[in-house]
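Line order of the protein sequences matches chains A and B. Residues 3 to 255 in the working numbering are what the first sequence spells out, letter by letter. Residues 894 to 1098 in the working numbering are what the second sequence spells out, letter by letter.
What the hints contain is simulated information worked out from the structure, not anything from laboratory work. Check each hint, because a few of them may be wrong.
As the list claims (entries may be wrong) - In silico BS3-like links for lysine-lysine, alpha-carbon gap of 30 Å or less:
{"#": "1", "chain 1": "B", "residue 1": "947", "chain 2": "B", "residue 2": "1022"}
{"#": "2", "chain 1": "A", "residue 1": "140", "chain 2": "A", "residue 2": "191"}
{"#": "3", "chain 1": "A", "residue 1": "26", "chain 2": "A", "residue 2": "39"}
{"#": "4", "chain 1": "B", "residue 1": "966", "chain 2": "B", "residue 2": "947"}
{"#": "5", "chain 1": "B", "residue 1": "995", "chain 2": "A", "residue 2": "92"}
{"#": "6", "chain 1": "B", "residue 1": "1009", "chain 2": "A", "residue 2": "188"}
{"#": "7", "chain 1": "A", "residue 1": "165", "chain 2": "B", "residue 2": "997"}
{"#": "8", "chain 1": "A", "residue 1": "218", "chain 2": "A", "residue 2": "191"}
{"#": "9", "chain 1": "B", "residue 1": "913", "chain 2": "A", "residue 2": "39"}
{"#": "10", "chain 1": "B", "residue 1": "1083", "chain 2": "A", "residue 2": "39"}
{"#": "11", "chain 1": "A", "residue 1": "86", "chain 2": "B", "residue 2": "1009"}
{"#": "12", "chain 1": "A", "residue 1": "165", "chain 2": "B", "residue 2": "966"}
{"#": "13", "chain 1": "B", "residue 1": "947", "chain 2": "A", "residue 2": "218"}
{"#": "14", "chain 1": "B", "residue 1": "1009", "chain 2": "B", "residue 2": "1083"}
{"#": "15", "chain 1": "A", "residue 1": "191", "chain 2": "B", "residue 2": "1009"}
{"#": "16", "chain 1": "A", "residue 1": "86", "chain 2": "B", "residue 2": "966"}
{"#": "17", "chain 1": "A", "residue 1": "44", "chain 2": "B", "residue 2": "997"}
{"#": "18", "chain 1": "A", "residue 1": "92", "chain 2": "B", "residue 2": "1022"}
{"#": "19", "chain 1": "B", "residue 1": "947", "chain 2": "A", "residue 2": "86"}
{"#": "20", "chain 1": "B", "residue 1": "966", "chain 2": "B", "residue 2": "1009"}
{"#": "21", "chain 1": "B", "residue 1": "947", "chain 2": "A", "residue 2": "165"}
{"#": "22", "chain 1": "A", "residue 1": "135", "chain 2": "A", "residue 2": "29"}
{"#": "23", "chain 1": "B", "residue 1": "1083", "chain 2": "B", "residue 2": "1055"}
Letter by letter, the chains look like this.
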Amino acid sequence: MLRTRVIPVLLIQDGGLYKTQRFKDPKYVGDPINAVKIFNEKEVDEIIVLDISATRENRGPDFNLIADIATECFMPFCYGGGVKSIDEMKRLFSLGAEKIALNTSAVETPHLIQEAADLFGAQAIVASIDVKKSWLGKYEVLTRCGQTKVKQDPITLAQELEKLGAGEILINSIDHDGLMTGYDLKLIKSMTDAVRVPVIACGGAGSVEHFQQAVKEAGASAVAAGSMFVFHGKHRAVLITYPEPSIVESIGR
Amino acid sequence: MLAIIDYGMGNLGSIQNMLKKVGVRATIASDPAIIDAAAKIILPGVGHFAAGMKNLKERGLIEALRRNVLETKKPTLGICLGAQLLTEFSEEGNVEGLGFIKAKTLRFQLDDATLKVPHMGWNLIAPQKSSPLLEGLSSQSRFYFVHSYFLKAESPSDILTKTHYGFDFASALEHQNIFAAQFHPEKSHKFGMRLMKNFADLRLN
């Protein structure tokens, strides 16, 4: 039987590994290659690496860093951050990435999703959507690391991107990011009800219980977390952890 | 030397990374002469079946593969799309495959609406016969899958492993010198490492 994937999300900024809260206050966690090595030893299901400074600095992916990460990844590896062209994607796949997450470029140049899906297959293209609640309580999509508001609502956008060929939706709640108090289940549920492709829940996980909720109550196909896998205790000491195989096995059962 | 066939379909990088990790020398080959010189062949691949066949044809690789796989009988491992291409036919594009193994590639038709297609993620393999490829592996070994089509062998004796997703499908086939793995050993941690090492160490009589 298929296991629910439990996926560490690593944020890269200026070549270092960071973790944010509500997309702000990046805290330095350590060396990304070292972290990937540890996650590899822990036999994690999959890994997502997002370069959160690429779009902001208006640059493409850091291919040297990605090559170093890929050689340590003996599990599926998804990269996101600053990807704007098919050529960049070809290079990422040839280095050993399996999937590419598109966020800002999914909104600004949606045809890229279609071209990429036609060329590399839908399974290789992840549409990453960052969502924040407005002061009226309405869900809004933000790109450029939470800086730019998008006119479509999250559901409409996800459905458009699915139609263009995105093979998975990574839905991240900016309001829950880094808080470790649980996912935005309402947001995830509305997403899993609206699309047929797998939805990866992200933003707010602090415990295995939260994973269970995302799968059982909100219908997520996979669960992602950042802080939970890199911080330990209330003082947020850096410690890389991952649940035991028997616990991962039990999620969604 | 092991030849990883490059026909423009998918990530040779991860296969090379893993072979390097387990200490196996491999070369990426798109030239028939290199394939002729290799001791073993890996046919990787991700993407559309029809595009895969078209690329093999355009690069003039079909004859070289036929010669080395069917005549010289070099140990050959197809992975994911590479496994499917070894079959006679695929519903993906309704085109003929290489036909090196008596099997077909069919689309998942699952009654259970909660089961998504593609079958994506980690699943178990149940060995159906003993094989040097599975040495050190068991029904508790998990592998990473991502596919919308599955292998259907004509002869049950060619089924090497089965995996459950809505029903039991053949997740790997073995016929003489030919191995076809629907899952991705290059992305399956120690289990995949073991399988790749087993393939590299394989001696066929």
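Evaluated hints:
1. Simply put, residue 947 (chain B) and residue 1022 (chain B) have alpha-carbon atoms about 34 Å apart, too far for the 30 Å limit, and the pair is violated.
2. As the CA atoms of residue 140 (chain A) and residue 191 (chain A) are separated by approximately 15 Å, the hinted pair is consistent with the 30 Å bound.
3. For a cut-off of 30 Å, the pair hint linking residue 26 (chain A) to residue 39 (chain A) stands: about 26 Å separates their Cα positions.
4. Restraint check: the Cα-Cα separation between residue 966 (chain B) and residue 947 (chain B) comes to about 24 Å, which is no more than 30 Å; the hinted pair holds.
5. Taking the CA atoms of residue 995 (chain B) and residue 92 (chain A), the gap is about 33 Å. The hint is violated against a cut of 30 Å.
6. Note on residue 1009 (chain B) and residue 188 (chain A): the hinted pairing holds, with a Cα-Cα distance of about 21 Å set against a maximum of 30 Å.
7. Between residue 165 (chain A) and residue 997 (chain B), the direct Cα distance comes to roughly 29 Å. Compliance with the 30 Å bound is thereby established for this hinted pair.
8. With a C-alpha separation of about 10 Å, the suggested pairing of residue 218 (chain A) with residue 191 (chain A) holds against the 30 Å cut-off.
9. Distance hint between residue 913 (chain B) and residue 39 (chain A) is fulfilled; the C-alpha atoms sit about 16 Å from each other, no more than 30 Å.
10. As the CA atoms of residue 1083 (chain B) and residue 39 (chain A) are separated by approximately 14 Å, the hinted pair is consistent with the 30 Å bound.
11. For the proposed pair residue 86 (chain A) and residue 1009 (chain B), the alpha carbon gap of about 29 Å is at most 30 Å, so the pair holds.
12. About 44 Å separates the Cα atoms of residue 165 (chain A) and residue 966 (chain B), which puts this hinted pair outside 30 Å; it is violated.
13. Straight-line distance between C-alpha atoms of residue 947 (chain B) and residue 218 (chain A) comes to about 43 Å, which puts the hinted pair past the 30 Å bound.
14. Distance check on the hinted pair: residue 1009 (chain B) and residue 1083 (chain B) sit about 27 Å apart at the alpha-carbon level, within 30 Å; holds.
15. Restraint check: the Cα-Cα separation between residue 191 (chain A) and residue 1009 (chain B) comes to about 16 Å, which is no more than 30 Å; the hinted pair holds.
16. Under the criterion of a C-alpha separation no larger than 30 Å, the hint pairing residue 86 (chain A) with residue 966 (chain B) is inconsistent with the structure, at around 44 Å.
17. Straight-line distance between C-alpha atoms of residue 44 (chain A) and residue 997 (chain B) comes to about 37 Å, which puts the hinted pair past the 30 Å bound.
18. With a C-alpha separation of about 39 Å, the suggested pairing of residue 92 (chain A) with residue 1022 (chain B) is violated against the 30 Å cut-off.
19. Using a Cα cut-off of 30 Å, the hinted pair residue 947 (chain B) and residue 86 (chain A) holds, with the two alpha carbons roughly 28 Å apart.
20. With a C-alpha separation of about 38 Å, the suggested pair residue 966 (chain B) and residue 1009 (chain B) falls outside the 30 Å cut-off, and the hint is violated.
21. With a C-alpha separation of about 26 Å, the suggested pairing of residue 947 (chain B) with residue 165 (chain A) holds against the 30 Å cut-off.
22. As the CA atoms of residue 135 (chain A) and residue 29 (chain A) are separated by approximately 24 Å, the hinted pair is consistent with the 30 Å bound.
23. For a cut-off of 30 Å, the pair hint linking residue 1083 (chain B) to residue 1055 (chain B) stands: about 19 Å separates their Cα positions.
Violated hints for the displayed structure, listed by number in ascending order: 1, 5, 12, 13, 16, 17, 18, 20.
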